Every structure is written in C-alpha cells, then in structure tokens.
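Trainee: Protein chains in written order, with this note's numbering: chain H, 1 to 183; chain F, 1 to 342.
Calculated from the structure, these hints are not laboratory results. Computed from a predicted structure; not experimentally measured. Do not take every clue at face value.
[Said to hold, decoys possible] Here are the simulated lysine-lysine pairs, DSS-like style, with alpha carbons at most 25 Å apart: (1) F:Lys-144 with F:Lys-9; (2) F:Lys-316 with F:Lys-33; (3) F:Lys-316 with H:Lys-160; (4) H:Lys-89 with H:Lys-23; (5) H:Lys-23 with F:Lys-144; (6) H:Lys-84 with H:Lys-23.
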Amino acid sequence: MKEFFYFLSFLAVLTSLMVVVAKNPVHSVLYLIMTFFAIAGHYILLNAQFLAVVHIIVYAGAIMVLFLFVIMFLNLNAETEPQKPLILKVAAGVAAGLLFLTLVAAFKGAENQVAVTGGDSQIGLIKNLGKVLFNDFLLPFEITSLLFLSAMIGAVMLAKKDTPEGPKSKDLKKEMLLEKEII
Amino acid sequence: MDFTFLIDKTILVAIIFAISLGIAAYSTYFERKFAGFFQDRIGPDRAGPFGILQPIADGVKLVMKEEIIPAGANPFLFIAGPSLSMLTACMTTAVLPWGSYLEIGGRKIPLQVADVNIGILYVFGVVSLGVYGLMIGGWASNNKFSLLGAIRAASQNISYEIAMGLSIIALVMMSGTLSIGTIVEQQQNSYWYVVLQPLGFLIFLICSFAETNRTPFDLPECEAELVGGYHTEYSSMKLGFYLFAEYTNMFVSSAVMSALYFGGYSVPFISALHLDQNLVAIIGTLAFFGKILFFIFFFMWVRWTIPRFRYDQLMKLGWQILIPLSIINIVLTGIFILVFDK
Chain H
1 MKEFFYFLSF LAVLTSLMVV VAKNPVHSVL YLIMTFFAIA GHYILLNAQF
51 LAVVHIIVYA GAIMVLFLFV IMFLNLNAET EPQKPLILKV AAGVAAGLLF
101 LTLVAAFKGA ENQVAVTGGD SQIGLIKNLG KVLFNDFLLP FEITSLLFLS
151 AMIGAVMLAK KDTPEGPKSK DLKKEMLLEK EII
Chain F
1 MDFTFLIDKT ILVAIIFAIS LGIAAYSTYF ERKFAGFFQD RIGPDRAGPF
51 GILQPIADGV KLVMKEEIIP AGANPFLFIA GPSLSMLTAC MTTAVLPWGS
101 YLEIGGRKIP LQVADVNIGI LYVFGVVSLG VYGLMIGGWA SNNKFSLLGA
151 IRAASQNISY EIAMGLSIIA LVMMSGTLSI GTIVEQQQNS YWYVVLQPLG
201 FLIFLICSFA ETNRTPFDLP ECEAELVGGY HTEYSSMKLG FYLFAEYTNM
251 FVSSAVMSAL YFGGYSVPFI SALHLDQNLV AIIGTLAFFG KILFFIFFFM
301 WVRWTIPRFR YDQLMKLGWQ ILIPLSIINI VLTGIFILVF DK
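Model the full assembly from the supplied sequences, consistent with the hints where possible.
Mentor: Okay, structure coming up:
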C-alpha cells in the first residue's frame, strides 16, 4: 500500500506541476485530468470508493470536459498568447515565492507528528457516508445544495443578460415590423 | 489473496475480453447484413461462406493500410485519441455480472470480475470519460471538421449524461443498492425493473443511443455536414479503433441495459426446475447474452429505420424533454415507494 501511496503522490505532484508548466492550454487541461485521477487513487487507498468515483464523474467527467470544450473553442496557442511585461512576471514570481515560504513555514514541524491510526476504516463506504450525511449533517448538506442552486441561477442570469434588448431581438422586431408593412 | 483467486479472475477477464471483442467484431458483419436485409439487398457475401470472414478481412485491411499522421497534428494526442476510446469502451465489463456462480471442486466461482459496492457509479464514471477519446482525437487532428465533430460529441455526451444519471437515480431508489450484482439478484426473485421503471428504461435507452453516438444521434460523425466528423483525418487501424470502440460501446451498453432493467442473467421460474447449480449458471449466462444480442439488434434496427436528428432537435430533446421527464420519473418513483412499499 505504501508503494501505491508514493506512486500516486509522485504522479499527483508531477502532473499538477505540468499543469502550470505546459505551454499549450489543452495539455494543461489534460494534465489536470491526470491529477484528478491520482487524487481519486488516493481516495481508493483510504477506502473511500464513493468519493473516488464521484470525484471522477464530477471533475474528470463533467467539469474538465467543459474546460476542454471552451479551450478548444478559443484556439489558444503559443503564437497568439500576449506577452506580459517583465514587471508583471517578476511580481508573480515574488508573490508565488512568498506563498511557498508561508506553506513551508506552516508545515514545518509537521514531520514530527504521529499519524492518527485506528478510526473507522468503513466510513468512506457509501452506506455509512449517506447515513452520516443525512442524519448528522442534514442542514449543512441542504445549505450547500442551496448555494449550488444560487450559483447556477447566477450563471444563467449572467449568460441571459443581453437577450431582452440584444441585437438579435431588435432584428427580430424589425423583421416583424417589415412583415406587418408588407401585409 | 490466494493464488487460485487470481487465476480464476485472470481466466474470467480473458474470456470476457475475448467475448466482448469478438461480439463487437461480428456486430460489424451483422450490421451490414441487416442493412442489406432492410434495404432489400444481399450485403457482404464474398469472404467465406455467407461472408462470415468479412470482419477478419476488414481487420487485416485496416492493419495493412498506411498510417498517416497529418503534418499539423499533435502526434502524441493524435494516437492517444483512439486508444482512449478503446480503453474506456472496454473498462465497463469489469463490474458487470455475467452469470451467478459456478461450483468447481467445492469452490464458488462468481462470474463477475469485481462486485464493487458502487458498480453503477463506476459504469457512469466510465461513460462520462468516454468522450475524451473523441475530443482529444478531434482536436489533435488540427482540422476544423474534426474539431466541430469533437465539440458536438462533447456537448451531446454532457447533455445526455444528465438525463441518464437521473433515470439511474430512480432505479437506485427502487433497488436501494448501487451494486449491479445485487440489482440482478433482486430481479431474480421479483419483477424485472423494466416493469417497475418503464419510463426510466425508455430514457436510459434513448440516452444510450446518444452516448454511443449511434444513429439517430450520430451527429459527431455526420458525414453530410462534417466530412467524417471527429475521425476525418484518421486512417488505418486508428480509424479502425474508433469504429471498433463504437461497436464495443454498443455491446457494453446493451449489457448494462439487460443487467439493470431486464434481469441480467436471471431466467424466470428457473429455480422451480431444481437443476444443478452449474447448469443454472450456464443457462443464465446464455440468457444474458441472448438479451444482449437482442439489444444489439435493436441498435441496428433503429439505425436503419430512423433518419438522423438535426443538431438543434437533438439538444431540444435532451434538455427540454428528457431531463424534465426523468425528474418527473424520480418524483413518481418516490410516490410509488411511499404508497406501496411501507
């Protein structure tokens, strides 16, 4: 099991680095999908099969397909990429370095901690997860779903913003007026 | 994990692999034969008696053809596309129960590779990954028709996955489990789920036509508008993999439909005959394959009967008809369970 863990961790770190490093945005998305698979592998190692499969369905199966969909439409590549000024690059480097420093500082000393063993190894199975979710955490669960719903409605509203007085409907109105005149 | 267990599973995996690929290969032959029958002509009859060696001849032809990778294409992803298609097409067979169990030398050998407790979700996950092969291949070809085909494939698959998932939810509400093995066992002692879930089955059936890119929903490879769709630039065995993956997908979705809605390997009233367990298992497996072959025939029947949808009709059917219907189906199932079960 330990070998699997190290292999998956290596894969996850490597592919997530490649997401940032890859020049082609489509390659970035594909590396991100591989990262999600590595993380799903970790869930399986923790005996959380439901979480692993849902992770694959939601992230790799749906969200990343949409990402790929949009990026394919945009047709980004190295030639059309705008060159950013040097000062922005330096600022980004400094900011990322500071974040890295903070993370290192935060995790310093964690290597001495003893891992918690025991606990319920069956908690990740769908039956136990469902019971916990719908008995102990029903209210947070429902609130989360409301949050999702409002986010969805917001997205639809943003996308529909232009249609009432958009160019298309104006054309339609003109056409209808023209038709009336003809009649 | 003992050694015999590994051997059992290895043999089972090899047999299932051989059968599913064999059926997929011969589906191409029967597809053409049926097409001939529906259109009042003979169909392939040159290779061997009645043309039964046609799939082998096709395979040899595809392998021997020249490999062409277009100059503007991304070589790695261009090859990865059809490989991914084939991989995802073959992955689902791992969780399907092909029969009950055999008793050899006092040992029970279940005829299912892995009875995971999230079987249905696994199938659904693999289905949702199936679109990557088409998208990656279509994009990597660096051809606008391929790209259009890939984008159509993606939007079609995403749209119909929702309705498919919702129709499965209604089924899971009735069965109370996500394990396909348990769902088939439940149907052995009770009604087949097609009786209890007729609307759900209909939605699932329509969605599996869309997910396998079969006519009337084969818009991603619509030759009248897109040359060849996502596989315009493909030649030789890479094209063969795309075509073959479609037939494997057809086999797999027929198997999923028969397992979830038509009782899988269960044969009605077989327990009343008091037969030997091995015999029962073999009859059950044969019955399962009979059901699968019927559905494969149904796929072909529809292909040569119904013309292709227009793209806006496809989207309208998915979003405005199937998704509301499947939500209604969930509500009806809930009411049914409340009234009759408890």
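Trainee: Confirm or reject each hint.
Mentor: Against the structure, the hints come out as follows:
Between Lys-144 (chain F) and Lys-9 (chain F), the direct Cα distance comes to roughly 45 Å. Violation of the 25 Å bound is thereby established for this hinted pair. At most 25 Å may separate the alpha-carbon atoms for a hinted pair to count; Lys-316 (chain F) and Lys-33 (chain F) exceed this at roughly 33 Å. Under the criterion of a C-alpha separation no larger than 25 Å, the hint pairing Lys-316 (chain F) with Lys-160 (chain H) is consistent with the structure, at around 18 Å. Between Lys-89 (chain H) and Lys-23 (chain H) the alpha-carbon distance is near 16 Å, which keeps this suggested pair within the 25 Å criterion.
A C-alpha spacing of about 22 Å is found between Lys-23 (chain H) and Lys-144 (chain F), which places the hinted pair at or below 25 Å, so the restraint holds. Note on Lys-84 (chain H) and Lys-23 (chain H): the hinted pairing holds, with a Cα-Cα distance of about 14 Å set against a maximum of 25 Å.
Violation of the numbered hints given earlier is confined to hints 1, 2; the remaining hints are satisfied by the structure.
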